[in-house]
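Each chain, letter by letter, is given below.
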Amino acid sequence: MAIEVREVNKSFGGTQVLTDINLDIGSGSLSALLGPSGGGKSTLLRVIAGLEQPDSGTVVISGRDATRLRPQQRNVGFVFQHYAAFKHLTVYRNVAFGLEVRRRPKAEIRRRVGELLELVHLEQFAGRYPAQLSGGQRQRMALARALAVEPEVLLLDEPFGALDAQVRKELRAWLRRLHDEVHVTTVFVTHDQEEAMDVADEIVVLAGGRVEQIGSPADVYDHPANSFVMSFLGPVTRLDGELVRPHDIELSAEPAGGTPARVVRVVRLGFEVRVEMRAAGEDVWAQVTREVADRLDLKPGDTVHLRPSAAGRVPEPSGLTRQAPGL
Amino acid sequence: MSAVTATQAPTRARARAGGPHYGTGLGLGVAVLYLSLIVLIPLAAVVWRSARLGPVTFWHAIRQPDAWSALSLTVGASLLVALLNLVMGTLIAWVLVRDRFPGRSIVDTLIDLPFALPTIVAGLVLLALYGVNSPLHLNLAYSRIGVVVALLFVTLPFVVRTVQPVLLELDRDVEQAAQTLGASPATTFRRIVLPNLLPAMLSGAGLAFARAVAEFGSTNLISGNIKFHTEVAAVNIFGRIENDDVAGAAAISTALLVIAFVVLIALDLVRRWGRQHG
Amino acid sequence: MASRYALRAVALLYLALLLVLPVGLIGYRTFQHGLAPFIDAVNSPDARHAFWLTLEVAFWAVLANTVFGIGGAVLLVRHHFPGKRLLSTLIDLPLAVSPVVVGLALILVYGANEPVGGWLQRLGLQVIFSVPGMVLATIFVCLPLVIRAVEPVLLQLGEEQEQAAHTLGASRWQTFLRITLPGIRWALAYGVVLCLARALGEYGAVAVVSGRVVGETQTLTLFVEDSFNNFNQPAAFAAATVLAAIAILTLLVAKLLRPKDSP
Chain A
613 MAIEVREVNK SFGGTQVLTD INLDIGSGSL SALLGPSGGG KSTLLRVIAG
663 LEQPDSGTVV ISGRDATRLR PQQRNVGFVF QHYAAFKHLT VYRNVAFGLE
713 VRRRPKAEIR RRVGELLELV HLEQFAGRYP AQLSGGQRQR MALARALAVE
763 PEVLLLDEPF GALDAQVRKE LRAWLRRLHD EVHVTTVFVT HDQEEAMDVA
813 DEIVVLAGGR VEQIGSPADV YDHPANSFVM SFLGPVTRLD GELVRPHDIE
863 LSAEPAGGTP ARVVRVVRLG FEVRVEMRAA GEDVWAQVTR EVADRLDLKP
913 GDTVHLRPSA AGRVPEPSGL TRQAPGL
Chain B
843 MSAVTATQAP TRARARAGGP HYGTGLGLGV AVLYLSLIVL IPLAAVVWRS
893 ARLGPVTFWH AIRQPDAWSA LSLTVGASLL VALLNLVMGT LIAWVLVRDR
943 FPGRSIVDTL IDLPFALPTI VAGLVLLALY GVNSPLHLNL AYSRIGVVVA
993 LLFVTLPFVV RTVQPVLLEL DRDVEQAAQT LGASPATTFR RIVLPNLLPA
1043 MLSGAGLAFA RAVAEFGSTN LISGNIKFHT EVAAVNIFGR IENDDVAGAA
1093 AISTALLVIA FVVLIALDLV RRWGRQHG
Chain C
3 MASRYALRAV ALLYLALLLV LPVGLIGYRT FQHGLAPFID AVNSPDARHA
53 FWLTLEVAFW AVLANTVFGI GGAVLLVRHH FPGKRLLSTL IDLPLAVSPV
103 VVGLALILVY GANEPVGGWL QRLGLQVIFS VPGMVLATIF VCLPLVIRAV
153 EPVLLQLGEE QEQAAHTLGA SRWQTFLRIT LPGIRWALAY GVVLCLARAL
203 GEYGAVAVVS GRVVGETQTL TLFVEDSFNN FNQPAAFAAA TVLAAIAILT
253 LLVAKLLRPK DSP
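Line order of the protein sequences matches chains A, B and C. Under the working numbering, read the first sequence as residues 613 to 939, first letter to last. Under the working numbering, read the second sequence as residues 843 to 1120, first letter to last. Under the working numbering, read the third sequence as residues 3 to 265, first letter to last.
Bound conformation, chain A alone (with noise of 0.2 Å):
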């Protein structure tokens, strides 16, 4: 295990941040914290790199015990939402600093610096200084100087937050590409279970300072351990009285056991069409192809018979609940 965090308690002032956290890491795995804002997932990144003291508990990171090793002795990057960049240092001298703090000679400095100015695209922007980068650019150089000194994990906390939609696109399709190279363990904390799903190995939701689900992106997704998982990891409606996802609701004009709704109103959203109804007093949507729409030819005041598909038909215990430790 690259990291193991074992019954860490933290709270600012009288309020409970994190309460009881258990956790693993892989080594080389790429991991994301995901969860609502203030829900801990910060605090819980900021407690393994040690730049806060969690109350009670412990982390090893790769098999050492660091809970009281300051973060200069931990050996981790840490990538900061807002970049951190030193402004009175070039690019160059940013990467440069971890190596220079740690007295590398100065060619393999030259060497290492080259390399990772290289994997990061920023070769021709050594010499200039982080006002002149864009925010891409920037959260580019302090991913290079994160990882140019070797650290046995990557700590990044919001990397994308504040970079518009594009760019963010860009660099979390970048940062997976990055993690298949260089394999270093990585652990991102990000509010968006969009980006979890797209660049994460596993997810570790945290709400309300717990951890509440652990598992492979299609594990938290098909088989949420709990409703908040349900509802925030993908859109859900309330049929029959249970959470199931929109897209796993069947439409047919046949009753053959299904709930009758009265249709309401249906939304072309080019390929998907969103179809809003009521069933026994109660609002519900289902989303289907534009096939099934025309097929069944909807329309407002049609009656309709609405089923769980197989795939969705009750969220099953799935074995990765809440807090389970060893993965």
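FYI, nobody ran anything at the bench for these hints, they're computed from the structure. Because the structure is a prediction, the values reported are computed rather than measured. Every residue, glycine too, gets a C-beta built ideally from N, C-alpha and C.
Over 10 Å on every C-beta distance to chain A, these chain B residues come out as not near it, computed from the model:
id, residue
1, Trp901
2, Leu921
3, Val939
Residues from chain C that face chain B, not an exhaustive set, calculated with beta carbons under 7 Å:
id, residue
4, Arg10
5, Tyr16
6, Phe70
7, Gly74
8, Ala98
9, Leu110
10, Glu227
11, Ala246
Simulated coverage check for chain C against chain B, where a stretch passes if three residues somewhere in it have a Cβ under 8 Å from a Cβ of chain B:
id, stretch
12, 22-29
13, 200-214
14, 253-260
Since the structure of chain A is already known, use the hints to place chains B and C on it.
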């Protein structure tokens, strides 16, 4: 077409009448006249009076032993004061921004006291504590150390007040980034914090130096104004005015004005340099 | 975290020795024998004259600099003209000039032996060694204070509200009174307070141009020096305490008025 121009014309005339540019000339004229009558013409008269002496006589005037001694003491003491402020002002700003203790906001308010306190009162209060009847048994009256202490008192706020806002705005993430990269607290301060504070520190120290060179009231009582020992340039000028040596007073005043001018230019350069690297 | 306490201790000790103890001691010395000696000292005819003269000089200087400060700030922020940067630099000049040099400069223009001063003298206006000269010297030393307090707020306020008022038919004067002035009122008050404190406490420049005639051109600061040099320490300490109290009051008022976003 003609209808359009017809409706536009009055709008434009109205914009000119009510817009911001009307009256610029009048306002500028009044402002320049006010500034000229009170500041520019009198200062020009000082420079003119010493220029009329010619370069040789001017040089002789400021090289008169008592004048030269006063100028040397002033510049030397001011340099020392600027240096001490550089260290203590930064330290105080650091404590005010980064430390938390009861009464911190009172201390923060007190920093400005030397700006609000009349200089003669500053001299008197220092003499009460560090004079002949010092309750601390520390008699600095009529000594050069007394002059330095008086100058430290009146220049205290400069470095504190220039460094404080920069320190407040300094991103804590940046220091934490340095820590995660393996830098010790001392290294982080030296290589990350200090370069960011340096323009503000130098700027504050420059202002303190300029103020110390010009200072009159606070040094007046504690120094005893002993010629060749504790008399500063401003006091020397004052003595010459009292003794009707207006030409000599003008020459030394011009020397002070030149020093002030050089400091102002240096400060501007520091600010530009700070902006480039900030 | 021992280093944190060490830094705190050094900072507080330095401030105590340089600032708090000296100022505190003067208050103690003034009142150590009760209130009566203090009242006697500040109630002497010379002290009372000095007090009223100080107020008179400060009043005219603050008034002049307030008008100039508002006008100058509007000029620098709202208008564009060649030489603007130069004018802005010249406005800061008084801060860099020694008070004694200020006094000398005014004597060299407005002294009775100089062409301009002699001409004014013949018109019956004595400037130097008289109240007008003291007002001029005080205006000089606090000239930048109001304008520099108002300028940033005026800039931040922007021109749009004024333009909106113009489009609604308000005249320039109405716009100024109803829109601009309310927008800058706290900054203006802040600048006026700073200017007033500086004016009440000015010593060097006034010492040069006043001639320091007891009971005639002696302000409070000159009274402090004169009393001290004549071994009348109770009077010197009492007047100094009054001035220090004004200074502390100024600090508190300025702290309340200071724009909240600046430290």
